[in-house]
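**Student:** Each chain, letter by letter, is given below.
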Amino acid sequence: MVKNSKSVLIIGAGIAGIQAALDLGDMGITVHLIEKNPVIGGKMAQLDKTFPTLDCSICILAPKLSECYRHPNINIYTLSEVQKIEGSIGDFTVEVLKRARYVKEDACTNCGDCAKICPVRGIPNYFDANLKNMAAVYIPFPSAVPPVHIIDKNSCVYLNYGICGLCATSCGAEAIDFTQKDEILEIEKIGAIIVAPGYGLMEDVNPLTKYGYKKCRNVVTSLEFERLICASGPLEGHLRRLSDGVDPKKIAFLQCIGSRSDRDQKYCSSICCMYCTKAAMIAYEHNNDLESYVFYIDMRAGGKGFQTFLRRGADEYNIKYIKSKISQINVDLDESPIITYEDYDTSEIKQMKVDLAVLATCIIPSQGIEKLADVLGIELNRYNFIKTDPFLPVETSMEGIFTCGCAREPMDIPRSVAEASGAAARAAEVIKGG
Amino acid sequence: MSEKKEEDARIGVFVCSCGSNIGGLIDVKEVAEYAKSLPNVVFTEDNLYTCSETGLAQIKNGIKEHNLNRVVVASCTPRTHEPLFRDCIKDEGLNEYLFQFVNIRDQCTWVHMKYPHEALEKAKELIQMGVAKAAKLEALENIVVDATPTAMVVGGGVAGMTAALSLANQGFETHLVEKDNQLGGKLNIINTLFPTGQDASELLESLKKRVSNNPNLTVYTSAKVKDIGGFVGNYEVEVEQNGKSIDLAIGVIVVAVGASLLTPTGKYGYDGNKRITQYELEKKLKDNAVSAKDIVMIQCVGARNDERKYCSNVCCMTALKNALLIKEKNPNTNIIILFRDLYTPGTHYEEYYRRAREAGVIFLSYKLEREPIVEENNIKVYNEYIGEEMSIPYDLLVLSTPLIANDDNKELAQLLKVPLEENKFFLEAHVKLRPMDFATDGVFICGAAKWPVDLTESITQGYAAAGRASTIISHDTIEVEGATSFLPEYNKNLCSGCEVCITVCPYKAISKNENDEIEITQVLCKGCGVCGATCTNHAIIIRHFTDEQILSEIYAFGGS
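As you go down the protein sequences, you meet chains A and B in turn. Number 370 in numbering that gives the first Met the number 0 belongs to position 371 of the first sequence; there are no gaps in the numbering. Number 263 in numbering that gives the first Met the number 0 belongs to position 264 of the second sequence; there are no gaps in the numbering.
The hints are simulated quantities; they were obtained by calculation from the structure and are not laboratory data. What you are looking at is a predicted structure, and each value in this text was computed from that prediction instead of being measured. Take the hints with a grain of salt, since some may be wrong.
Examples of chain A residues toward chain B, derived with CB under 10 angstroms [stated by the list, open to error]: (1) C55; (2) I57; (3) G244.
Cross-link-like lysine-lysine pairs, in silico, DSS-like; alpha carbons within 25 angstroms at most [said to hold, decoys possible]: (4) K303(A) <-> K308(B); (5) K303(A) <-> K185(B); (6) K178(B) <-> K223(B); (7) K282(B) <-> K292(B); (8) K303(A) <-> K59(B); (9) K5(A) <-> K188(A); (10) K431(A) <-> K366(B); (11) K319(A) <-> K366(B); (12) K324(A) <-> K366(B); (13) K59(B) <-> K103(A).
Some residues of chain B that are not near chain A, with every Cβ distance over 10 angstroms (derived) [to be verified]: (14) N141; (15) S211; (16) K273; (17) I391.
Using N, Cα and C, we set each Cβ at its ideal position, and we do this for glycine too.
The following block holds chain A by itself, in its conformation from the complex:
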């Protein structure tokens, strides 16, 4: 088969971008996969398990990460962002800013000796929802791809003060390179572009103080909970209260935090109903004395096996579902959250004290989406997600630029994966159909 001369550029290497890259790569099309983080995998890599099969998230994702990394048709650019675009459908030229990693990608063996010797400690790891610390030279998680360490420019002593350099002396592979500079790369002959930057989290922009977040250590967000309960997370899978290290006996999962609300975002985040039950199930597996309470407005469980999953939650995992609206969370003397809510079944205002409260925070557009949309010349909708037509679901407003996954609307993993394959098909139509 004749190799296609035109390539596809994919922005964002979460599960959607990865699936689109693998599909196009398997079709024999060259893919440039652009990721602004130091490693690929996106939010899915941070999750503990996935609903409704309770598959370990990283276990089913890791083979795809490796496949991407080893794929002869996929070029991965980490720490990279698209800065400029020229041309039109069938022939785009894109300028990419690739930030310095200060570690040579082709030399690093990922042994971790540099991180062991680095004197800088206490740098919060974004991958662990900032709940675990790391050195100034690090890899976000052990099975990360590319398997290459990175130096945090802001906290590295050598890069800021010109002294130290212990990592360089300890590196047997001579992979540390303090002289690396940010580069501008120009990629030509791009036939189509797929925009898959994923989503952002509400706590990044909105202090959730009315729900006790950051005031009480026993109020955590759902992503923080994923890391807390994950075997590779900061507590190594032994769930404890962050205030006193005590095992929680009673956990509340609060849905629609910042979603479906006049005060915050009006839309529904789509995935919280399911992942709250999943999280409660995993917590129960860790501790069979656990009681979980899920506070919800409407239980949105339309996917395959979802209703059965909820029934299992109630029947086998001691989860109680309360149709309600949360008013606020106060903090007791022992730092236990007290939830004030309106019970929709009885129309009463009630309170419940729990050991730990988990906020299912609203999914918001990814950070920097406005700038990216500006660079690409594509339109956003009123919520700042990428604008698409209901009947042209993977098309942006610009011909030859496609989108998929949570960049256009909150959605779960199977749907993101399906949309990614869909966007790949549309891009392939451009490349192959001419």
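Fit chain B to the given chain A structure using the hints.
**Tutor:** Just chain B now, kept in the frame of chain A:
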């Protein structure tokens, strides 16, 4: 083959900690140390994640530095990770079948979570067995066959038309088979579309036009798939149209047969007249024949109950759409929607729900345990919020019923050798990460045939199935596993011709040829081993699972 067998086995064993999945329960260092004592093992190592690039590099280094000719990895499960490790040793010049997986996570530390000591001993024994088998492994070659760059899409609804168009636009000769006498599926009975409100016929006509104008696309209406033979890249399909039979050579197949509507006979006094379904309402709206003043809609009729557990996804939005349409035409109509959980996920659907409320549609919730009681002119419903039973007058009752699986799904599933799930929808390979694939290579699924979906998702899935299918027919050849069953020439005299293997083969890979001899189509065989296990004369050999290899494991465990 015999050369490999006779050379001295030099086995490397890599024990994975899998974070704390394995290492949290048993001491992987001790396990790796133990493996050193096993016959033919010349190198062992433990890794935090053997599947990480670092772990793979460690395997490669091991092969290089210790001249390994067999590799054993003790870790999670071959289901997800065997291809990765096989590729890894292949990169280093070893035949990929000289790899042995030992499952010490799923089948050891996970299931024996409460017994760390016993789990440790079991892990050692499993590795002992794996090492014994590794010593007997033989190099195998994958089977390579040609692929026909054509596609067949079964079902000409919106998902099927979308999939067919995308494949045709990618340059593949595509055949679209529809059992009805026209394309369009459910689009033919829908009045308007949510959330835009446009006429369904607009979308339908535009799709039909693009289908008929595409030179790579052939449409067969009033047609049925009668028979499917062959295998991925090489299907021989018989399509019957108007009593005529058409033979097609097909590379990949996309299933897009959609779903059916439930008629709620005997439920809430359904009579098709004063008490109708949403789809009957659509027809009335099309004909401008709705004059009712007090309309009540009931959601989840025949869904999310013991009989049919699932949520049908589309009914809430359909009810909102029809309610809004009536309200727009006649704002004085009273519309009450009785619901359990309103399903309007995402940005635009939630917005639509707000629009309906602003337009004056009233929403009252009910519980499964206290379903509404429909009387001649009133509906009694218990409202939890006010704690009272309400009586609501109506002159039109609209029942929102779920999409259900087609009756003839089973027939097609059997032809394609693909499974259905408990509700008789088609079952994909993996609900999370392989939503468009079947476990059978070369067959894909999209739209409501898999699960109830709305139009937007049907379109996305149509594209998605086309994308997945294209990954196969974009190449001239297909490579399949070499670990298959075969009947070697020297065993042919052992075969008594009993044909039990033909009966038991779930993939229809075995047949009798013109000389009345058993023949196994290698590319169809998945290596499941049923034929080999049932062959009373031990004539059939399963490559990679030969009697000798399996016995070596048993002897390693229990002694010969």
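**Student:** State for each hint whether it applies.
**Tutor:** Each hint tested on the structure:
Given hint, C55(A) at the interface with chain B, holds; its Cβ is 8 angstroms from that chain's nearest Cβ, closer than 10 angstroms. With 10 angstroms as the threshold, the beta carbon of I57(A) comes within range of chain B, its nearest partner Cβ sitting at about 8 angstroms, so the hint holds. This hint is violated: G244(A) has a C-beta 18 angstroms from the nearest C-beta of chain B, more than the 10 angstroms allowed. For the suggested pair K303(A) and K308(B), the alpha carbons sit about 10 angstroms apart, so the restraint of at most 25 angstroms is met.
For a cut-off of 25 angstroms, the pair hint linking K303(A) to K185(B) stands: about 21 angstroms separates their Cα positions. The suggested pairing of K178(B) with K223(B) holds, with an alpha-carbon distance near 5 angstroms, which does not exceed 25 angstroms. A C-alpha spacing of about 18 angstroms is found between K282(B) and K292(B), which places the hinted pair at or below 25 angstroms, so the restraint holds. At roughly 41 angstroms between alpha-carbon atoms, K303(A) and K59(B) are farther apart than 25 angstroms, so this suggested pair is violated.
A distance of roughly 5 angstroms separates the Cα atoms of K5(A) and K188(A); the hinted pair therefore holds under the 25 angstroms criterion. Distance hint between K431(A) and K366(B) is unfulfilled; the C-alpha atoms sit about 53 angstroms from each other, more than 25 angstroms. Restraint check for K319(A) and K366(B): the C-alpha separation of about 16 angstroms stays at or below 25 angstroms, so the hint holds. Between K324(A) and K366(B), the direct Cα distance comes to roughly 18 angstroms. Compliance with the 25 angstroms bound is thereby established for this hinted pair.
For the suggested pair K59(B) and K103(A), the alpha carbons sit about 20 angstroms apart, so the restraint of at most 25 angstroms is met. Against the 10 angstroms criterion, N141(B) stays outside the reach of chain A, whose nearest CB is about 16 angstroms from its own CB. The beta carbon of S211(B) sits about 18 angstroms from the closest Cβ of chain A, which is more than 10 angstroms, so the claim that it is off the interface holds. At the 10 angstroms boundary, the C-beta of K273(B) stays outside the reach of chain A, the nearest C-beta of that chain being 29 angstroms off.
Every Cβ of chain A is farther than 10 angstroms from the Cβ of I391(B); the closest lies at roughly 19 angstroms, confirming the non-interface assignment.
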